[in-house]
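A.B. asks: Here is how the chains run, residue by residue.
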Amino acid sequence: MSTELNAPRVDARRSDRVLASIMIVIALGALWFSRDMSIMASIFPRTIATLLLIFSVALLVRAFIARPQMPKPQPGSVGRRLGLVGVMLAWSFSLKWLGFIAASTLAAVALSLLAHYHGWTFKRAMAYGLVLAGIIAFFYTLFAILLNVPLPVGLLWRDL
Amino acid sequence: METLGFMAAAFSPMNLLLAVLGVAAGIFIGALPGLSATMAVAVLVPVTFGMPTEAALIMLGAIYTGAIYGGSYAAILVNTPGTPSAIATTFDGYPMAQRGDGDLAVTLSTLSSMVGGLVGALALLTLAPLLAQIALKFGPVEYFWLAIFGLTLISALSEGSTLKGFIGAGIGLLLSTVGVAVVGADIRYAFGSQFLLGGVEIISALIGLYCIPVLIDLVATPSAHLEPPEEGRGVRFNESLGLMWRSKFNSLRSAVIGTIVAILPGAGGSIASLVSYSEARRTSPRHERFGHGEPDGVIATESANNATVGGGFIPTFVLGIPGTPPDAVILGALLVQGFRTGPEMFTTNANVTYTFIGGLFIATLLMLPLGLLIGRYAFKSIVSIPKALLVPSIAFMTVIGTYAIRNNPFDVVVMVVLGVLGWVLSRYGIKASPIVLGLILGPIAEQGFVQGYLMGNASGSVLTVFFGRPISMAIIALTLIAVFYPLWRARRDRIVKNSNEEPRHEH
Numbered sequence: 001m002s003t004e005l006n007a008p009r010v011d012a013r014r015s016d017r018v019l020a021s022i023m024i025v026i027a028l029g030a031l032w033f034s035r036d037m038s039i040m041a042s043i044f045p046r047t048i049a050t051l052l053l054i055f056s057v058a059l060l061v062r063a064f065i066a067r068p069q070m071p072k073p074q075p076g077s078v079g080r081r082l083g084l085v086g087v088m089l090a091w092s093f094s095l096k097w098l099g100f101i102a103a104s105t106l107a108a109v110a111l112s113l114l115a116h117y118h119g120w121t122f123k124r125a126m127a128y129g130l131v132l133a134g135i136i137a138f139f140y141t142l143f144a145i146l147l148n149v150p151l152p153v154g155l156l157w158r159d160l
Numbered sequence: 001m002e003t004l005g006f007m008a009a010a011f012s013p014m015n016l017l018l019a020v021l022g023v024a025a026g027i028f029i030g031a032l033p034g035l036s037a038t039m040a041v042a043v044l045v046p047v048t049f050g051m052p053t054e055a056a057l058i059m060l061g062a063i064y065t066g067a068i069y070g071g072s073y074a075a076i077l078v079n080t081p082g083t084p085s086a087i088a089t090t091f092d093g094y095p096m097a098q099r100g101d102g103d104l105a106v107t108l109s110t111l112s113s114m115v116g117g118l119v120g121a122l123a124l125l126t127l128a129p130l131l132a133q134i135a136l137k138f139g140p141v142e143y144f145w146l147a148i149f150g151l152t153l154i155s156a157l158s159e160g161s162t163l164k165g166f167i168g169a170g171i172g173l174l175l176s177t178v179g180v181a182v183v184g185a186d187i188r189y190a191f192g193s194q195f196l197l198g199g200v201e202i203i204s205a206l207i208g209l210y211c212i213p214v215l216i217d218l219v220a221t222p223s224a225h226l227e228p229p230e231e232g233r234g235v236r237f238n239e240s241l242g243l244m245w246r247s248k249f250n251s252l253r254s255a256v257i258g259t260i261v262a263i264l265p266g267a268g269g270s271i272a273s274l275v276s277y278s279e280a281r282r283t284s285p286r287h288e289r290f291g292h293g294e295p296d297g298v299i300a301t302e303s304a305n306n307a308t309v310g311g312g313f314i315p316t317f318v319l320g321i322p323g324t325p326p327d328a329v330i331l332g333a334l335l336v337q338g339f340r341t342g343p344e345m346f347t348t349n350a351n352v353t354y355t356f357i358g359g360l361f362i363a364t365l366l367m368l369p370l371g372l373l374i375g376r377y378a379f380k381s382i383v384s385i386p387k388a389l390l391v392p393s394i395a396f397m398t399v400i401g402t403y404a405i406r407n408n409p410f411d412v413v414v415m416v417v418l419g420v421l422g423w424v425l426s427r428y429g430i431k432a433s434p435i436v437l438g439l440i441l442g443p444i445a446e447q448g449f450v451q452g453y454l455m456g457n458a459s460g461s462v463l464t465v466f467f468g469r470p471i472s473m474a475i476i477a478l479t480l481i482a483v484f485y486p487l488w489r490a491r492r493d494r495i496v497k498n499s500n501e502e503p504r505h506e507h
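Protein chains in written order, with the UniProt record's numbering: chain A, 1 to 160; chain B, 1 to 507.
A few of these clues could be false.
Each computed DSBU-like pair below joins lysine-lysine, with the alpha-carbon atoms no more than 35 Å apart [as the list claims (entries may be wrong)]: (1) K380(B) - K137(B); (2) K137(B) - K248(B); (3) K137(B) - K72(A); (4) K72(A) - K497(B); (5) K380(B) - K248(B); (6) K380(B) - K123(A); (7) K123(A) - K96(A).
I should point out that these hints are in silico values taken from the structure, not numbers from a laboratory.
Note that the structure is a prediction, hence the values are computed from the model and not measured.
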């Protein structure tokens, strides 16, 4: 387990170099884009970007002169991870168009399929489907009806 | 005697019922990622408008107390702090839950929250006017250094290298500058996007950075989310009492730190638990276990963050300056009820104030039975839910919780993007906590920094303004200790370890 005291560690030289390089680019970008700001508005982001630049250069130097280590990242299925990211992004972008209920139902089904590693039976699919429908109904009632949060109804359905 | 009489008024059946309802509602709302204590209080304020002032305040105080405590559930069981003040609870609470000690962590959190809450309420009862004077001595520069102190602490405390912690804090601070500038009102880093004008919403970022990486790793393997607890060991109350007794000084010290830090308006809540955690780790004989599921870590943070409830009311009542965001909402409710804050809260309106403090004591005590009951089922259900239901349920809460903050679908997009970014950064050794705290403390730090800079320019010496004031100097000293003490301690441990190993090599 990653939380154990003696969790396996890996060489971090390569990953630290990559991280430091990206951070240097971000810090330089933050400095570049602060050119047109007033002094009052730019002094803080410039100071932070300069500090970020210094820390990133220090990390880069350390990655060349020392042998830094870091905890071994958790292994697992890349496909399912990418799938989850795709579903979450699609869900967040489609809320406005499909509306809360339709987008959430589709996303919940997709996420359930992604997270399930065993075989599907009709009984299990029905049970999971009912539980997910119950969860969506509960939160819809809590937010839309009790807390009066105007959940998106979906631009697509409005025009129909 | 008169004070006791006012406090006893809180024990009326109606007030007791309101306190029970408030604590239960607070725990429930606080436990849901995305629904903060501020939101819990804000959403339920209208319910109290028709009530007598004492009853309204008791209910709001109970909701606030319950929500701050409830934030620990999500921190321990899902690695997502329900409220920013529960960030440090994830450090040891989640590792405890991962190894099957989630029940112990929740019970410890309940007991510590109760101790912290009682100390905070006691300070409110006895020391309010005195402590409020300390808050008045903090100017913009002191707030700037306080924010830097908080960021230094979290960078040094985060698992992994301190350098990466500082880079994480830098990312958070830069993210906090997106949108309209705190001073000067320029539009910064919005790249022409209308949605970025409002900046990165803190709670959305908090949910994304903590929750999305958990979800990404949950679907990656078929193994269980948390180790299931052993059968028939209940809530492990006696074991928790034993651990609390062992850590009694840790718990009390953390509660006192929480109370004192909370009197500083704005910055208090999120820094209090970090300072307590840092102190607990520094003084603990088991300091190397912190961050890997050490019960003392949970005790320190939870004692501190519930002490901020009572502590935060001190500047709210005495000075009219809300100590924490939920205090601001409660202050609004007080104004609606026709009350003015200030010294008269403890003289002319003493009946209302002391009845409220009595209600706060009741709410804090009620956390024990209610928390143990709810916590037991929360842990069991999280452990027993299959991943195919757990993943969509958590994802659902993150999406709806984020959307509900500003009713803006773009916040959901930002939450997901930041979450994915957080997962990638965690693979490179940068944890979520420094980024989130950078985002939270960024505006406080910037305001203090720019105002201090202007004051320095006006007086002719910027350096004197930043480095010449006693409180600033004390905070700078603490910041330096926070950076260098862990390095010194690690070096000392290494020398001791080497000297212990040397005689063995000689044989």
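A.B. asks: For each hint, tell me whether it holds in the structure or not.
C.D. replies: Right, here's what the structure says about each hint:
1. K380(B) - K137(B): Given pair K380(B), K137(B) is violated - Cα atoms ~47 Å apart, limit 35 Å.
2. K137(B) - K248(B): At roughly 31 Å apart (the allowed maximum being 35 Å), K248(B) and K137(B) satisfy the hint.
3. K137(B) - K72(A): violated (47 Å)
4. K72(A) - K497(B): holds (25 Å)
5. K380(B) - K248(B): holds (28 Å)
6. K380(B) - K123(A): holds (23 Å)
7. K123(A) - K96(A): At roughly 33 Å apart (the allowed maximum being 35 Å), K96(A) and K123(A) satisfy the hint.
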